[in-house]
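Required output: the full structure, derived from the provided sequences and hints.
Each chain, letter by letter, is given below.
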Amino acid sequence: MLILTCPVCGVTAEETEFHAGGEAHLKRYGPGSPDEQFEEYLFMRENPRGVHFERWRHVYGCGKWFHAARCTTTLEVFGTYPAQTLEPPAGLRKTISKKRPGWIWREFS
Amino acid sequence: MSEPVTAMGGVAASGGIAGIREAERQGMVTLRGDLSAPAVGKAVKSVTGMAVPGAGTFAQKDGVALCWMSPDELLVLCDYGSAEGIVQAFDAASGKAHLLAVNVSDARASFQVSGEHARDVMAKLCPVDLAPGAFGTGMFRRTRLAQVAAAIWMPSDDSFQLICFRSQAQYVFDLLSIAAQPGSEVNHLCSTG
Ligand SMILES: [Zn+2]
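Protein chains in written order, with our numbering: chain A, 1 to 109; chain S, 1 to 193.
Treat the hints as calculated values from the structure; they're not laboratory data.
One or more of the hints may lead you astray.
Taking lysine-lysine and the BS3-like style, the derived pairs with C-alpha atoms no more than 27 Å apart in a straight line are [stated by the list, open to error]: (1) S:45 / A:64; (2) A:94 / S:124; (3) S:42 / A:64; (4) A:64 / S:124.
See below:
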């Protein structure tokens with residue numbers, strides 16, 4: 001079970017107080033974009049064994065969205081950070097590199 | 001005139017490891033607005049005489065409590081009869097602040113769980129650390145009770161009060177009654193265990 005800390009209200013709870021919201025940092029390609037990019041936005045997702053970045057919502061708590069970085073094999077949560085963030089923060093990436101040297105997720109490492 | 005009643009007509013359950021009873025009618029006003037905005041803080045202060053409480057806490061004064069729900073929501077608890085007046089006071093005090101006050105007194109149900117095993121009962125239902133050092137009076141926590149949303153706080157060291165949606169009152173009362181059934185002490189969180 002994941003133990004997540006909501007960066008909005010500061011509550012730490014197990015995952016049943018939250019709701020998973022899918023992959024983090026998707027770039028939206030809307031009408032008028034090339035078919036390949038639209039397909040990528042709609043359907044293509046990472047499915048890593050290891051480091052992963054997701055969106056979560058504190059659904060039974062403050063109700064707000066946030067981001068979380070975690071390991072899909074051990075369920076270790078590396079950290080959570082605000083929803084208003086376009087890519088994994090540098091500090092968090094450094095923390096992950098210490099624990100999972102050589103990790104790669106999309107264009108981040 | 002219609003006569004406002006609580007969701008469960010003041011139902012109570014005793015004989016278990018904790019006393020369960022529906023709270024009396026409670027005035028509730030939802031306040032939406034950016035709680036960090038000075039204009040919102042000013043309106044809250046002028047209506048209630050209190051500053052906006054910090055995350056995860058509540059403040060009370062003269063029979064009115066301010067509960068922190070999220071960075072943009074406060075729940076005002078008051079006498080049932082004064083909710084409408086508080087809404088009007090917020091409307092008058094909001095000025096240019098982007099602020100919305102709504103009387104939601106009849107939208108929710110409220111229960112009390114009391115006795116030395118109250119922590120046991122609540123800990124069976126909420127994914128919250130309810131150990132005496134981790135959760136106590138003055139804190140206000142939105143969470144879930146089994147499958148429904150609720151907010152909980154402790155009026156005293158051996159009692160909880162909670163609110164849930166009115167349509168879920170029967171479910172919540174049943175949950176609490178079953179979690180408090182005789183012989184179901186856990187004795188993990190009670191200092192007297
Ligand atoms: Zn939260």
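Unmet hints by their number, sorted upward, for this structure: 2
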